[in-house]
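Q: Here is how the chains run, residue by residue.
Protein chains: 2
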Amino acid sequence: MTDTPLAIGIDFGGTTIKIGVLFRSNLIDSAPPIATQDFDGPDSLIEAMARVIHELRERHPGIAAIGVGMPGFVDFENGIVHNLTNVRGWVEIPLKKRLFEITQLPTVVENDANCMAYAEWKRGAGRGLKHLIAITMGTGVGGGLIVNGQMVRGARYGAGEIGQTSIDYQGRIGAYGNRGALEDYVGNNEIAADARNAYEAQGIYKNISDCSPAALATAATNGDPIAMQVWDDVARKLATTVMNGCWLLNPEAIVIGGGVAKAGDLLFAPLQKHLFAQLSGPFKDHLSILPARFGSEAGMVGAATLALEEAGHVI
Amino acid sequence: MTDTPLAIGIDFGGTTIKIGVLFRSNLIDSAPPIATQDFDGPDSLIEAMARVIHELRERHPGIAAIGVGMPGFVDFENGIVHNLTNVRGWVEIPLKKRLFEITQLPTVVENDANCMAYAEWKRGAGRGLKHLIAITMGTGVGGGLIVNGQMVRGARYGAGEIGQTSIDYQGRIGAYGNRGALEDYVGNNEIAADARNAYEAQGIYKNISDCSPAALATAATNGDPIAMQVWDDVARKLATTVMNGCWLLNPEAIVIGGGVAKAGDLLFAPLQKHLFAQLSGPFKDHLSILPARFGSEAGMVGAATLALEEAGHVI
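Protein sequences, first through last, are from chains L and Y.
Quick note: the numbering used here has the first sequence finishing at residue 465, numbered continuously throughout.
Quick note: the numbering used here has the second sequence finishing at residue 465, numbered continuously throughout.
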């Protein structure tokens, strides 16, 4: 049995593109991030990515595959990026084919939240599980599902959009016409806005920047009752979506990562309380709620791991 | 290639137990239903079931397997019925083992909504699909999921409990502590109660029996605006749950059966309207909403089909 080869993991974000060299879950080298908005279209951006890939391969000749995580809908099988709402020109771009033509390396292109889920499933907190829901909480709320020991991609590779599921059928209308989307309650900005309102209701006036999830975590740790209540509210709303996932899929574990999850027990303790109060025995008796292992490197780890697995390597 | 053998399908309900002989999806023979509540425990009830099975096998010697659909949580792999809330004495009953000991036929025991989903997937409206959500709407709301061409059972065989998922994180508390469960909005009795209230608000006083889904379907067909509004409300609530399933699983089709679905386009037309307004392109462009093929025989068809497939027969 040969050892796992090196792979390139690319985390394509709306602001920066991070490109790293991974050995299993270890980021052993990386290039300076590419500023996504400095490029006027896919052609020049793909060329810039290819230059970085070339440099990294010169330093690491053993690189065997390339994985890219994209912030939008991707046709996984064909490696076509359907549409990026925040990066101009990215409509129906055959990124897999383009990168393969330049690099001649096996390449996969996948949704970024699916890459995070894949990282946690293959290398992280959910390693070895057959039924897993992974959630990443930041400005947006994304996710990925493992069912019967397989990634769930669905009919058109759209599956796992946990942040778009509703927690209130009468809620306000979100980005896709969907009412009450979880993301519109517990995204970074929504948490901050709710917190500012909660302070204001007590006669305390704060800047929105002082109400970020990180600031709220510090405040709650110091015993601030308003901040603690905000975290309980976030947990209650998140618990509804997680509960729905449990009744539907009966997973072994929920893995939660992303910036908001850095609040740790401030989020996880009330989440467990609200969740377990709303599930019957078979759904909660063997259910674990786990913090993600990976932080900002999750996308690169997942993309690189997926690329190797798809290329038939031992991971 | 040998032809499909006969199988016994059993639909174990809280009121009656229906036992039939199936050839593919055709109910070719059946016994008079067993009155579930006439028996004081599992032992006598299993004996009664075995007597009926024996009679049917005398008439049809080719019967090759037995499938049982149960109204509660079942350990599918081991065929153990964990608990039936409405039938006394049914706690941790190894039904698969007991029936096999008596009949020596390969036996499967599965949740009844999963049997319905299996029938629609293998023999019905969702035949041949890889990604399918099946929903059955009656007094309760149940369901079953097909993902990547496989039935989803989850870690403890609890998956598919669509009726317990929430459409309102602030909704009232349901049977399992879960707030805003779909079943508590669009079960038979809840539809009737909402309709009675809607009529009352217009100064029209009706008996609850005149507000059944069947009565409301007739009224709406005759142009009754209150009944039509009730169906739109039911569809809107159901659409939230279906939408959540679509964002999570990106299925090819939603199959809806059960008594409430007999309303046909009165339910399906507003469901499609509310659903498609809340999904982006990749989720709705190739999505079908389909009425179930099977009615009251769905459980028997699914149980029998599953039993044959698990026993290795051509179905």
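Since the hints were made in silico from the structure, they are not lab data.
It is possible that some hints are incorrect.
Since the list gives no way to pick one copy over another, a pair counts as held whenever it fits inside one copy or between any two copies.
[To be verified] No more than 35 Å apart at the CA atoms, straight line, and that leaves these computed lysine-lysine pairs for DSBU-like:
hint, residue 1, residue 2
1, K247, K423
2, K356, K423
3, K168, K356
4, K247, K356
5, K247, K168
6, K412, K423
7, K434, K168
8, K356, K434
9, K434, K280
10, K247, K434
11, K247, K280
12, K356, K412
13, K168, K412
14, K280, K356
Q: State for each hint whether it applies.
A: Hint check results:
no.	hint	verdict
1	K247 x K423	neither (47 Å within a copy, 38 Å between copies)
2	K356 x K423	within (29 Å within a copy, 42 Å between copies)
3	K168 x K356	within (34 Å within a copy, 65 Å between copies)
4	K247 x K356	neither (49 Å within a copy, 65 Å between copies)
5	K247 x K168	within (20 Å within a copy, 56 Å between copies)
6	K412 x K423	within (18 Å within a copy, 39 Å between copies)
7	K434 x K168	between (38 Å within a copy, 32 Å between copies)
8	K356 x K434	neither (39 Å within a copy, 42 Å between copies)
9	K434 x K280	both (16 Å within a copy, 28 Å between copies)
10	K247 x K434	between (44 Å within a copy, 27 Å between copies)
11	K247 x K280	both (31 Å within a copy, 26 Å between copies)
12	K356 x K412	within (22 Å within a copy, 55 Å between copies)
13	K168 x K412	within (21 Å within a copy, 54 Å between copies)
14	K280 x K356	neither (45 Å within a copy, 51 Å between copies)
Hint compliance for this structure: hints 1, 4, 8, 14 are not met, and every other hint is.
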